[in-house]
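*Asks:* The lines below spell out each chain.
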Amino acid sequence: MDHCYWFRSKVIMDKIHKPKKVFVQGPISPQFVADSIARHQSKVNIGAHAIFLGQIRADEKEEGFVTGIEYSAYEEMAEQAFHAIREDAFSKFDLTCMHIYHSLGLVPTGEISLFVFVSSVHRRAAFEASEYIVDEIKTKVPIFGKELMGPAGEYVWKENK
Amino acid sequence: MDHCYWFRSKVIMDKIHKPKKVFVQGPISPQFVADSIARHQSKVNIGAHAIFLGQIRADEKEEGFVTGIEYSAYEEMAEQAFHAIREDAFSKFDLTCMHIYHSLGLVPTGEISLFVFVSSVHRRAAFEASEYIVDEIKTKVPIFGKELMGPAGEYVWKENK
Amino acid sequence: MEMTINILYFGMLAEITGLASETWLLKDGLTVGDLKQEIGDKYPLIRDKKFKVAVNQQIGDDGTKISFQSEVALLPPFAGG
Amino acid sequence: MEMTINILYFGMLAEITGLASETWLLKDGLTVGDLKQEIGDKYPLIRDKKFKVAVNQQIGDDGTKISFQSEVALLPPFAGG
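Chains as they are written, first to last, in my numbering: chain A, 1 to 161; chain B, 162 to 322; chain C, 323 to 403; chain D, 404 to 484.
Some hints here could point you the wrong way.
Sample of chain B residues with no beta-carbon within 10 Å of chain C, all distances over it, derived [claimed, not checked]:
id	residue
1	193
2	205
3	206
4	235
Pairs of lysine-lysine residues, derived as DSSO-like cross-links and limited to a Cα-Cα distance of at most 27 Å, are as follows [claimed, not checked]:
id	chain 1	residue 1	chain 2	residue 2
5	A	161	A	92
6	A	43	B	222
7	B	322	C	372
8	D	439	A	20
9	B	307	B	322
10	A	140	D	455
11	C	387	B	301
12	A	138	D	439
13	B	301	C	372
14	B	322	C	358
15	A	140	D	452
16	A	161	D	430
17	B	301	B	204
18	B	307	A	43
19	A	61	B	204
It is worth saying that the hints were derived from the structure and are not from the lab.
Here a beta-carbon is modelled for each residue, glycine too, at the ideal position from N, C-alpha and C.
Sequences are here, hints too, so could you generate the full structure?
*Replies:* Below, the structure written as structure tokens:
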């Protein structure tokens with residue numbers, strides 16, 4: 001919860017947010033999302049939450065259907081990149097809170113690997129920030145993914161466009 | 162779950178969705194959101210979920226701080242309006258699933274009154290649909306709200322801009 | 323020819339009329355514009371309010387015709403979301 | 404002057420080198436462009452791959468200088484999200 005503005009004032013708006021752990025091991029559960037939402041119900045200046053969830057698809061490749069993605073990262077650089085994205089988004093959009101979580105390790109098909117949660121007084125800022133942040137994550141954070149196929153252990157390296 | 166495309170084919174894309182209950186009594190809980198997310202994990206063609214939550218703010222009015230909103234609606238017309246918004250969004254955006262829930266009755270400050278949940282193969286459709294649907298709900302659905310203030314029972318009728 | 327029309331009131335309009343609905347005796351072929359005039363005569367406080375009129379659950383304009391089977395509703399500004 | 408530089412490999416590049424990191428002995432004042440040349444000589448398979456080079460956790464270009472305290476990493480295409 002250190003990435004919420006309890007009171008929106010010029011002084012607090014100027015503070016630098018401490019870097020914060022983004023990576024979680026394995027999939028992000030729906031319950032984790034619910035707990036994050038519940039923790040924001042005491043923040044009574046929030047009018048809008050925009051949540052983005054990235055879910056692993058069973059895409060069909062030459063080698064078969066994707067059964068999961070195994071994520072790895074250049075963790076220190078990635079945490080720095082997430083921090084820079086967060087600061088940038090706070091300066092661009094009028095947000096009250098912002099939380100980003102990304103999986104490392106195996107995330108099976110149908111499970112969630114990315115959870116971006118932004119909150120604002122009015123909805124426009126939350127919508128705009130949500131899309132912006134996800135785009136930034138896809139292009140700027142050194143995260144790597146192996147798309148796994150079937151029991152034979154075949155895989156293809158994923159590449160964001 | 163009757164508002165998800167299990168398989169995306171021309172035939173199914175053309176089907177008309179049955180009208181579906183949108184209204185729920187009182188606030189929408191974080192657990193309800195989690196359960197909705199969990200029900201989509203078997204849909205392995207989904208890559209992106211965009212969720213919008215409207216939360217009641219403690220806005221300051223002349224009469225005091227808002228403690229909650231009491232919602233009422235022209236229910237039959239509202240359900241029809243939601244249905245039209247849904248059909249329209251399915252035709253405009255390449256969506257896999259769409260669910261809309263709105264509260265009736267009292268929703269206290271900090272609680273959630275609107276839950277819009279759209280899912281798609283790629284993220285752009287989900288982002289665009291999410292914002293579009295919320296805008297449409299605010300302007301086209303006959304829902305009315307009393308902003309309540311303090312123990313004296315004062316209130317102001319809310320009006321979307 | 324006269325017809326009975328059920329008129330529904332919502333939100334602050336229901337507050338002004340003190341009613342959720344009432345049945346009016348109106349002349350056939352009436353338009354929404356005509357009805358607004360009559361409602362304003364009966365409930366002068368409504369004249370100052372912004373509201374829309376739905377006929378059969380569709381927002382009408384002043385020219386929309388009301389017939390004997392119409393469901394008519396007076397809708398104050400929307401506040402969903 | 405020579406310097407020792409720790410080079411990190413990620414994803415498919417780690418697969419090609421068979422290593423997560425290794426320490427190279429390089430001449431001081433080397434650029435990222437020079438380093439890519441040397442890496443391509445040692446690991447010809449890497450030449451066909453798209454990758455970026457981060458110096459001190461910032462993406463560099465061919466002109467970026469590498470000094471004896473630099474942390475260098477070879478990054479294949481990103482796949483987050």
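*Asks:* Would you mind marking each hint as holding or not holding in the structure?
*Replies:* Status of the hints after comparison with the structure:
1. The beta carbon of residue 193 of chain B is kept farther than 10 Å from every beta carbon of chain C, the shortest such distance being approximately 17 Å.
2. Remark: the non-interface label on residue 205 of chain B is consistent with the geometry, its nearest Cβ contact in chain C lying 32 Å away (cut-off 10 Å).
3. Listed as outside the interface, residue 206 of chain B is consistent with that label: its C-beta sits roughly 30 Å from the nearest C-beta of chain C, beyond the 10 Å cut-off.
4. The claim that residue 235 of chain B lies off the interface is violated: its Cβ sits roughly 6 Å from the closest Cβ of chain C, which falls inside the 10 Å cut-off.
5. Annotation: proposed proximity of residue 161 of chain A to residue 92 of chain A holds, straight-line Cα distance about 24 Å (limit 27 Å).
6. About 18 Å separates the Cα atoms of residue 43 of chain A and residue 222 of chain B, which keeps this hinted pair within 27 Å; it holds.
7. Simply put, residue 322 of chain B and residue 372 of chain C have alpha-carbon atoms about 13 Å apart, close enough for the 27 Å limit, and the pair holds.
8. Our distance criterion of 27 Å between C-alpha atoms is broken by residue 439 of chain D and residue 20 of chain A, whose separation comes to about 33 Å.
9. Between residue 307 of chain B and residue 322 of chain B the alpha-carbon distance is near 15 Å, which keeps this suggested pair within the 27 Å criterion.
10. With a C-alpha separation of about 11 Å, the suggested pair residue 140 of chain A and residue 455 of chain D falls inside the 27 Å cut-off, and the hint holds.
11. Taken as a hint, the residue 387 of chain C and residue 301 of chain B pair is honoured in the structure, with Cα atoms around 21 Å apart against an allowance of 27 Å.
12. At roughly 25 Å between alpha-carbon atoms, residue 138 of chain A and residue 439 of chain D fall within 27 Å of each other, so this suggested pair holds.
13. Between residue 301 of chain B and residue 372 of chain C the alpha-carbon distance is near 15 Å, which keeps this suggested pair within the 27 Å criterion.
14. A threshold of 27 Å between alpha carbons decides the hint, and for residue 322 of chain B with residue 358 of chain C the separation of about 23 Å falls inside it, so the pair holds.
15. Distance hint between residue 140 of chain A and residue 452 of chain D is fulfilled; the C-alpha atoms sit about 19 Å from each other, no more than 27 Å.
16. Between residue 161 of chain A and residue 430 of chain D the alpha-carbon distance is near 36 Å, which puts this suggested pair outside the 27 Å criterion.
17. Taking the CA atoms of residue 301 of chain B and residue 204 of chain B, the gap is about 31 Å. The hint is violated against a cut of 27 Å.
18. Taking the CA atoms of residue 307 of chain B and residue 43 of chain A, the gap is near 21 Å; set against the 27 Å cutoff, the hint holds.
19. At most 27 Å may separate the alpha-carbon atoms for a hinted pair to count; residue 61 of chain A and residue 204 of chain B meet this at roughly 18 Å.
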